[in-house]
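Counted the way the working numbering counts, the sequence shown spans residues 1 to 557.
One or more of the hints may lead you astray.
[Claimed, not checked] Derived CB-CB ranges, DEER-like:
#1 Gly383 x Glu134: 30 to 40 Å
#2 Gly244 x Glu128: 47 to 57 Å
#3 Asn299 x Ile74: 19 to 29 Å
Bear in mind the hints are in silico, worked out from the structure with no lab data behind them.
Built from N, CA and C at the ideal position, the CB exists for glycine as well.
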Amino acid sequence: MAFQKESGIFKGMNARLTVISTAIILAALVYGAFYTEILSDNLSAARDFLNPFLEWYYVILVAFLLFFMVWLGIGHYKDVRLGHDDERPEFSFVSWVAMLFAAGMGVGIIFWSVAQPVLQFHDNPFVEEGGTPEAAIAALRLTFFHWGLNGWAIFAFVGLVLAYFSFRRDLPLTIRSALYPILGERIRGVSGDVVDTLAVFGTVFGIVTTLGLGVQQLNSGLGAVFDLEATLFLQLVITACIMGIAAVTVVSGLNRGVRWMSELNLGLSVAAMAFLMLWGPTNHLIAMTVEAAGYYAQNLLVMNLYTHAALEDGWQAEWTVFYWGWWLAWAPFVGMFIARISRGRTFSEFIMGVLLVPTVVTMVWMGLFGGSALYQELFGSGGIIDAVEEDVAVALFAMLQGLDLGLVGIAASIGMLLLIATFLITSANAGTLVVNTILSGGDPEPPRIHRVFWAVVLALLTAILLAAGGLEVLQSAVIMGALPFSLVVVAMTAGLLRALEDEKCAHRRGKRTETPREPWADLDDAGIRPIRALPEKIRDSCRTRGQQPEYWRNNHE
1 MAFQKESGIF KGMNARLTVI STAIILAALV YGAFYTEILS DNLSAARDFL
51 NPFLEWYYVI LVAFLLFFMV WLGIGHYKDV RLGHDDERPE FSFVSWVAML
101 FAAGMGVGII FWSVAQPVLQ FHDNPFVEEG GTPEAAIAAL RLTFFHWGLN
151 GWAIFAFVGL VLAYFSFRRD LPLTIRSALY PILGERIRGV SGDVVDTLAV
201 FGTVFGIVTT LGLGVQQLNS GLGAVFDLEA TLFLQLVITA CIMGIAAVTV
251 VSGLNRGVRW MSELNLGLSV AAMAFLMLWG PTNHLIAMTV EAAGYYAQNL
301 LVMNLYTHAA LEDGWQAEWT VFYWGWWLAW APFVGMFIAR ISRGRTFSEF
351 IMGVLLVPTV VTMVWMGLFG GSALYQELFG SGGIIDAVEE DVAVALFAML
401 QGLDLGLVGI AASIGMLLLI ATFLITSANA GTLVVNTILS GGDPEPPRIH
451 RVFWAVVLAL LTAILLAAGG LEVLQSAVIM GALPFSLVVV AMTAGLLRAL
501 EDEKCAHRRG KRTETPREPW ADLDDAGIRP IRALPEKIRD SCRTRGQQPE
551 YWRNNHE
């Protein structure tokens, strides 16, 4: 790797980038540790100041990325392979889906699967009155929107760009490589370091936000199941245990510990959905999920461009801005992780897989868990809204207790605790591995000592944000971490479009496939023959499409 040191403490790493990124993160750690209240106040003030801008900026950016990815998946470049033309996928489809789902969704899908539908059932801007059957469908539709195609389009975009430049253009697996068509050799200098530093910054705050939410929920679950008091000390102990296990599994590598943990996570997720299908109000859950999915599909364009401009009640900032910021903050590390496991797939395979499979699974998940809570509020004993307003993290376990299944319900709650723990571990695995991949100049197997170091750093930063004030501070941190990286995303779009111009087999506009003729003319009688779509020279060159453009070949050492 061109960026790696060959000896010393930074052996195998980009020394300059590692020092800069580590210094920034450690400064944040020290500041948060000694000025916790000031950190909380500053994050909240910055978020309040930026919200009016982000309410339309994030909406435009994320909507564009969704339409852009659909175009790449079905348009001119759909057959371009993430690798050379003779390569095939490195992982089986099941393992691939398991890893991208576990890394991409993380514990957030559990934390918000009940809390968000219930909170939006009580109050959302798309219904006149909360607590009604119409409000329930609207709440589930909004949940699908915030966890569906738009979010996965962000991940798919970053993952596809990184995989394309790394596996097809033989550049390092780092964010800076996506800007080579724009920056040229400057990606090897300060300009490239700035881009990767922004990616590390966004990645770290995306990870610790997710870990913080998961630790809070695990703490609430232990209180609900084992009657343990929810305290900051217990949250810190949970954080230490989770990150300790994550450090061990990430040291074992992608093909062993990380893959096994991801597959265990997927298996437990399937078991959780099967549990609600068997013991929940099955017919109602299926009907509600199908109806909400229909409204989601029907109103996708409207929701994509909704900015809440006529109202000033904070709903857009609390929900859509937070979610788009969260997805963007996760994008560097989830995108890189997805890129790392997607070598050999075509644009169409990659985009359809990353967009559709997790979105469908997520909608089923949210429909089952959120639908069960909404059913209890509409037709059962209720009480979940009150529990959620007191403590958002307890929402899932309040729903499970509302099923009133006795020992089966207790066993289900214990199973959910285990599932939350595996989600936390897989998220920490992916985040730690990706931070080190960026800092090592794109090495998919960075030095083990640095993996352990960053696992410790993430654990400490998570603990500080938990001490700073819980959910609101976590939300503010992730939005602030995402904003700088969103500018990099815009530049990555331009870099990809420039690079795709060199794909020799791309569709060429204006090429005729037949000689012009009157519509009533008979070709054989007129002696007219079709024109070949591509000249022989170009058709021959298509067989070697994996060859690199001249400026890439000259670049590599």
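Do the hints match the structure? See the list:
1. A hinted range of 30 to 40 Å is violated for the C-beta pair Gly383 and Glu134, which are about 21 Å apart.
2. For the pair Gly244 and Glu128, the beta carbons lie near 50 Å from each other, so the given range of 47 to 57 Å is met.
3. For Asn299 and Ile74, the hinted distance range of 19 to 29 Å is satisfied, since their beta carbons lie about 22 Å from each other.
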